[in-house]
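Asks: Read off the chains here:
Number of protein chains: 2
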Amino acid sequence: MSGWGPPPWASTQLPAVEEALGRWVPGAATDDLAQAMQHAVLGGGKRLRPLLVLATAEAVSGNVLQTLGLAQRDGLLRCAVAVELIHAYSLIHDDMPCMDNDVLRRGQPTVHVKYGEAVALLAGDALQTLAFELLAGADASWPAATRLHWVQTLAIAAGAGGMCGGQAIDLAHVGQAMTQPALERMHALKTGALLHASVMLGAVAGGASAPQLEHLSHFGRRLGLAFQVVDDVLDVTADTATLGKTAGKDEQHNKPTYVALLGLDKAQRYAEQVTDEALRALRASACASPEALQGLAQWVTRRQH
Amino acid sequence: MSGWGPPPWASTQLPAVEEALGRWVPGAATDDLAQAMQHAVLGGGKRLRPLLVLATAEAVSGNVLQTLGLAQRDGLLRCAVAVELIHAYSLIHDDMPCMDNDVLRRGQPTVHVKYGEAVALLAGDALQTLAFELLAGADASWPAATRLHWVQTLAIAAGAGGMCGGQAIDLAHVGQAMTQPALERMHALKTGALLHASVMLGAVAGGASAPQLEHLSHFGRRLGLAFQVVDDVLDVTADTATLGKTAGKDEQHNKPTYVALLGLDKAQRYAEQVTDEALRALRASACASPEALQGLAQWVTRRQH
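Read top to bottom, the protein sequences are chains F and P. For the record, in the first sequence the residue sitting at position 53 is 53 according to the working numbering, with numbers rising by one throughout. For the record, in the second sequence the residue sitting at position 51 is 356 according to the working numbering, with numbers rising by one throughout.
Calculated directly from the structure, the hints in this document are not laboratory data. Since we're looking at a predicted model, the values are computed, not measured. No false leads were slipped in.
The calculated BS3-like cross-link candidates involving lysine-lysine, where the alpha carbons are at most 30 Å apart (straight line), are:
(1) F:K255 x P:K419
(2) P:K419 x F:K114
(3) F:K249 x P:K419
(4) P:K351 x P:K554
(5) F:K249 x F:K266
(6) P:K554 x F:K114
(7) P:K560 x F:K114
(8) P:K554 x P:K419
(9) P:K571 x P:K560
Computed footprint of chain F on chain P, listed as stretches where at least three residues anywhere in the stretch have a Cβ under 8 Å from a Cβ of chain F:
(10) 436-445
(11) 462-471
Glycine is no exception: its CB is placed at the ideal position from the N, C-alpha and C atoms.
Next up, chain F with everything else stripped away, as it sits in the complex (with noise of 0.2 Å):
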């Protein structure tokens, strides 16, 4: 089961979201600001967070970006955009000095390595402003409501009660051991809130039914927890050309991870089971094509970076 690229279905949505991403990111190429923006976010990565959106709107609604008028699609690619500039976002703020101080992502120099720390500072502030701007902004053949419901869904999974909470709550345990409820919390935030606002995002703008957001909610919070455990794998096993980004350096930073409170092995064993647990939510769910959400949750855990 070595090497497991992407889902061939995630292959077939990839370009337009590259298409989208690099249409809404502005582009006036003498300018530092944009230039760092598009650094930041056209430089590559997996775009899991969008292929989420899409994969859960078409697992509730079909194949959407290929049935989909026009306007709508759109709509639901300013989502896929936005959850993506947030973790862009947060990935500038995570690499500067005060933080993780990382110098390279994505096989790249990081942001504040090669546009400077303010201009780094400024181009994380302004795509996170670009995200809120995308989602008010999409068209008017999606109800008002439904634009709301997206904003409130990102700016919560974003915020001091979602990602940056869990950023803080992991600055404060650097060095420290946590339990693995402790743990599970800090990821729950950190990074499983905006994995299961993509799932959310793609269900409301599919058009889930009551029981199907709240299976499809569960769905979310397990994937992202099962990313997790796959990421602290990785940063063990992988080397740094694979991962695109410095290895080890949990380790080095002394951080909490589940492969140093479980060992190696326990870690990929949980990782396969809370994967599991998510496939079950999914199937729960009844949508009526969850193939590709299905390939995608499966990708999560198999893959190599």
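With chain F held as given, fit chain P onto it using these hints.
Replies: Then chain P, alone, in the frame of chain F:
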């Protein structure tokens, strides 16, 4: 005319603004992130932007905080708080060592001095998110389209085409001469965009007509320019104790300012001229109750800090 304080109208509104800020900025007292957010937001400040939101809504539609239903009042206060949160986040990030490296703000240590750079970075990030969360979450007695319009107005003002973009131009011109048009373009983005957005949020909430929106938009832009010219003057004429932030730092950082460009006397006269233009635009809007907004505009020019 020395010693101009805020107009009496402002004092009657400030308790509601301060109460709303305290209610919406998270308060878990044991948490560094929440404490840093509170330190940045609740440590005083002129609250000019929230007051502009309320005064513009009142100009258009009468004494709104007193006459609106509770749920509608809540929505208007969310607008007022949201612009203040964007302002507060920008101050945290601007004060950081990689930007202006300032240690004093409103007479208190800046957030990174008190909580460290990493927490300051996160607190700014989370305050930005909270602004959009608040706007999207306003009571349903405000039409969803209005709430979306608020999100969009604030996002456009705060992002790469507004405040962050102006900050990037500022960074790129430290130590360089700027022409007056270039300086005005920079400030129209850096500080003007958010002051303009405050006026527009209040105007939309107050139900302004299309011609009123146009005149109020012009009012907001001239007011934003007047504010910045006065800011440059005060940096030279006021002392650190009165300002509550380090005086003389523009010259120390070799920043282009209106004082550097025009000299002190001409800069002061220019501020008054631009304020007069703003007041003419306000009269042209034919708002029913413009007195409070007039008073705020005059305070902007005559303020001592």
